[in-house]
Amino acid sequence: MSSTITHVVVPGTFDPVTLGHVDVIRRARRLFPRVTVAVASSANKNGYGTAFSLADRVEMIREALALEGLPDDVGVESFSGLLVDFCHELGAGGVVKGLRAMTDFEYELQQADLNSHMAPDLESVFVMSSPTYGYVSSSIVREIASMGSDVSILVPANVNARLRAHYAAEDGPERA
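Heads up, the sequence shown is in the numbering used here, so the first residue is 15 and it goes up one at a time.
Some clues are possibly wrong.
[Said to hold, decoys possible] Label pairs and their calculated CB-CB ranges:
#, residue 1, residue 2, range
1, A182, F140, 36 to 46 Å
2, F140, H102, 13 to 23 Å
3, G95, T117, 24 to 34 Å
4, E73, I158, 19 to 29 Å
5, S55, D164, 23 to 33 Å
If you're looking for bench data, these hints aren't it; they were derived computationally from the structure. We put the CB at the ideal spot given by N, CA and C, even for glycine.
Starting from the given sequences, assemble the full structure and let the hints guide the process.
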């Protein structure tokens, strides 16, 4: 007999956290009484380093969740290593992932299958992206922000400010 899942993890690199991520976290919290946002170290995701340090990404998420009105009981923790091991350490019974398009589905299905083989007790729950955020990704946000364009409709206000400061510092005073 299986038990009810009361704690889930919403994993990601969150480089940076977007309003799409916040939407998935909010919806996970509506479905489950306890949610932990798991910020992956992912130093070499897609062969590149991250724009923001792990500590900065954790801080931005905590600030964003507060700004967006999510409850204080949504945890935010960093991790490295296997997600299934992190979930077991926390006592979480599931992983919640947002899906934007078929390409997300294919990738996430592969990850869920691998997780299922390594941890049969861990459930994968997929949440379809809200249409408003179906096109939003951290990489698109970084690309637009790096060109000096406004991303305020894509990210929480604190993240928008951090992105502007990050890319202004990278480019020097001529754009700041």
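Right, here's what the structure says about each hint:
Taken as a hint, the range 36 to 46 Å holds for the pair A182 and F140, whose Cβ atoms sit roughly 37 Å apart. In this structure, F140 and H102 meet the distance hint of 13 to 23 Å, their C-beta atoms being roughly 21 Å apart. Between G95 and T117, the C-beta spacing of about 26 Å keeps the proposed range 24 to 34 Å intact. A C-beta distance of roughly 22 Å is found between E73 and I158, which places it inside the suggested range of 19 to 29 Å.
The hinted window of 23 to 33 Å between S55 and D164 holds, with their beta carbons roughly 29 Å apart.
Against the hints set out earlier in the document, no violation occurs for any number.
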